[in-house]
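Trainee: Using the sequences and the hints given, assemble the complete structure.
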Amino acid sequence: MAQTIPHALPKGLETPPAPPGVLCLRLTGELNARSVALFWEPALALVRGGKHAALRVELAGAEYVDGAGMALLVKLEAVAKAAGAGVEIIGLPERYAQLLDLARRAESGDAEAITGGGKPGQGLNFHVLLQSLRVVVNFVGEVALVLYDSLRHPRTVRWADVLHSALAIGVESMPILLLIGFLMGLIMSFQSVITLQRFGGEIYVPNMLGLVMFREMGPLVTAILLAARSGSAFAAEIGTMRVNEELDALTTMGISPVRFLVGPRILSSLAVVPIMTLFFNFASLVGGALVMLSIGFPLVTFTSRVFANVTSADLIGSFIKIMVFSMLVAGVSCLRGLRTGGGASAVGRSTTAAVVSGLILITVADGLFAVLFYYFKI
Amino acid sequence: MQQPEPIITVRGLTCAYGPEPVLKDVAFDVAPGEVFVVIGRSGCGKSTLLKHMIGLILPVSGSINLNGRDIVSAAGDDRLEILKGIGVMYQGGALFGSMTVAKNVGLPLEEYTDLPEEAIDVVSRVKLSLVGLERFGGVMPSELSGGMVKRAAIARAMALDPAILFLDEPSAGLDPVTSAELDRVIRSLAENLGITFVIVSHELPSILSIADRVILLDDQAKGIVAEGDPREMHAGSKDPRVRRFFDREARVPAPTQQAPAQARTIKSPEERP
Chain B
11 MAQTIPHALP KGLETPPAPP GVLCLRLTGE LNARSVALFW EPALALVRGG KHAALRVELA
71 GAEYVDGAGM ALLVKLEAVA KAAGAGVEII GLPERYAQLL DLARRAESGD AEAITGGGKP
131 GQGLNFHVLL QSLRVVVNFV GEVALVLYDS LRHPRTVRWA DVLHSALAIG VESMPILLLI
191 GFLMGLIMSF QSVITLQRFG GEIYVPNMLG LVMFREMGPL VTAILLAARS GSAFAAEIGT
251 MRVNEELDAL TTMGISPVRF LVGPRILSSL AVVPIMTLFF NFASLVGGAL VMLSIGFPLV
311 TFTSRVFANV TSADLIGSFI KIMVFSMLVA GVSCLRGLRT GGGASAVGRS TTAAVVSGLI
371 LITVADGLFA VLFYYFKI
Chain W
290 MQQPEPIITV RGLTCAYGPE PVLKDVAFDV APGEVFVVIG RSGCGKSTLL KHMIGLILPV
350 SGSINLNGRD IVSAAGDDRL EILKGIGVMY QGGALFGSMT VAKNVGLPLE EYTDLPEEAI
410 DVVSRVKLSL VGLERFGGVM PSELSGGMVK RAAIARAMAL DPAILFLDEP SAGLDPVTSA
470 ELDRVIRSLA ENLGITFVIV SHELPSILSI ADRVILLDDQ AKGIVAEGDP REMHAGSKDP
530 RVRRFFDREA RVPAPTQQAP AQARTIKSPE ERP
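Chains as they are written, first to last, in the numbering used here: chain B, 11 to 388; chain W, 290 to 562.
No lab work stands behind these hints, which were simulated from the structure alone.
Just so it is clear, CB atoms sit at the ideal spot from N, CA and C, and this is done for glycine as well.
Be aware that one or more of the hints could be misleading.
Stated by the list, open to error - Chain B side only, calculated, beta carbon under 7 Å to chain W, not exhaustive:
| no. | residue |
| --- | --- |
| 1 | A55 |
| 2 | S160 |
| 3 | E255 |
| 4 | E256 |
| 5 | D258 |
| 6 | A259 |
| 7 | M263 |
| 8 | I265 |
| 9 | S266 |
Unchecked claim - Label-pair restraints from in silico Cβ distances:
| no. | chain 1 | residue 1 | chain 2 | residue 2 | range |
| --- | --- | --- | --- | --- | --- |
| 10 | B | G358 | W | S434 | 25 to 31 Å |
| 11 | B | S266 | W | R476 | 30 to 36 Å |
| 12 | W | D403 | B | G358 | 38 to 44 Å |
| 13 | B | A354 | W | V415 | 46 to 52 Å |
| 14 | W | D314 | B | G358 | 49 to 55 Å |
Mentor: Right under this line is the structure:
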């Protein structure tokens, strides 16, 4: 550290003449966050710069010392002591003595630091992995039981909640679902037409569109939309209930949160997603039809080619797919919500985690379905 | 004041979140109809004790008998039976935001009884009138004031006519007048219906006016350091830990008069929750 030239010292910090080997710092005026910011570097540079046997800090002219001032004093003391110099603080008004003691205690680290229970930096270890696996297995088991119970005793299901959540998942998502379906059908047909026109194969666009939409895109996009729109809502809703102790309240009432909150949500998703997929497929066909009409094919050609190619196996396959997807998405979102920690940021984290986990599960499941369908030649 | 049959018996209760126990070997009894208050400063384990007593967390060791049944070892239907016998009011009320106040109160009845909806409605209204909220049944929880939310939460906790009510900091965040109203509600429920109250609190005026008996927890002792009538403790206890609580004496030496305001925000490590 370079020796600071004395005449460059800020106003309020002086180095009055002192006996040899003694560095004297005189601080005057108000020692608050503003002035200390100016003094900090030069004062420390002075202490570090030369070899002094002792440091004397004169505070007789200091009218006011706040937390920042105390921090400066304690720091000067620590630096001087580390360099082997004695320290003497003179002229500190009596009323600040206690505050200086507190500051010294905080600086010296006498107070044993208490770390939170979160054990930061531990990362992903085997124990944590096993524990989260246990949570998932527990949850899957409980959900399975709840679904089984609701089949056996339909009267115990909270149908009002199911209906309410079906409206939120299905009906309210219709506009965006139809829009995306329409645009995807339109864009896909348009791009295919451009390529296929070179071979005079535009006539095959409806075949392709029908197959792609019914078998793949319909369930996939509906599931992605479910994860983004409803999965996040599930996680945020249940997560907030966790933060507000509402889940604890349910537990102490002896009501299982899984049965009360997760059950209706999974049931309603299962009920509405096939219909959502159908609507999506329909909208995509409308988009495709628009492209075909615009290049001069009559509507009947389009529809007959689509439905000649799509079989009921495709439709049933897509229903199975979307039901599995929706169960995964709704389940994992609710699980994330239930596992929310404390505080507002935890709700945000679980919401993000819910969408991400949902998307990953959809992709993995879709891959498995592709293999299965190929194997069974569906 | 020795009652013959305690309704709550806690024996050898040790609670821990990590390797360090929060409470060690705690034991006490609560007599039926008593207003029993757990007091102590922040971080001494009051809420931890409550969460263990209502079965939300399992203790490291020990037993908690509620109504003659151990909630620690109970599982399945046994546990459910115990839970039906208690009611809990959470600090923030924890009313379900998607239902009206009356539906909140009626939820346990809806779940556990075969009463028709009409009857549940009547019962909810009766419970609400016990806490002075008979006119607010059709309102959503978000439209209630802080004190009303707590009273509605007590009404919900009483839905199944439990013998024991647990209240977590009933007066926290309430103004003195509302807090006094709530205290009156608690006192009248205890006296008129014979409900046993277990209350976690650190509000001195409230403790002095409602409690029959208190236990004082201490974070250093990790357990009970005093037990008895709060008014006697307040007046005559010589124990420095009791005195510190009742005399509101800070453990950190307070800065002198002229010290800058900022100094008062510096806390010693023991002050941390």
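Trainee: Work down the list of hints and note, for each, if the structure agrees.
Mentor: Cross-check of the supplied hints:
no. : hint                        : result
1   : A55                         : violated (26 Å)
2   : S160                        : violated (14 Å)
3   : E255                        : holds (4 Å)
4   : E256                        : holds (5 Å)
5   : D258                        : holds (6 Å)
6   : A259                        : holds (4 Å)
7   : M263                        : holds (5 Å)
8   : I265                        : holds (6 Å)
9   : S266                        : violated (10 Å)
10  : B:G358 x W:S434: 25 to 31 Å : holds (28 Å)
11  : B:S266 x W:R476: 30 to 36 Å : holds (34 Å)
12  : W:D403 x B:G358: 38 to 44 Å : holds (42 Å)
13  : B:A354 x W:V415: 46 to 52 Å : violated (37 Å)
14  : W:D314 x B:G358: 49 to 55 Å : violated (40 Å)
The earlier numbered hints that this structure contradicts are 1, 2, 9, 13 and 14.
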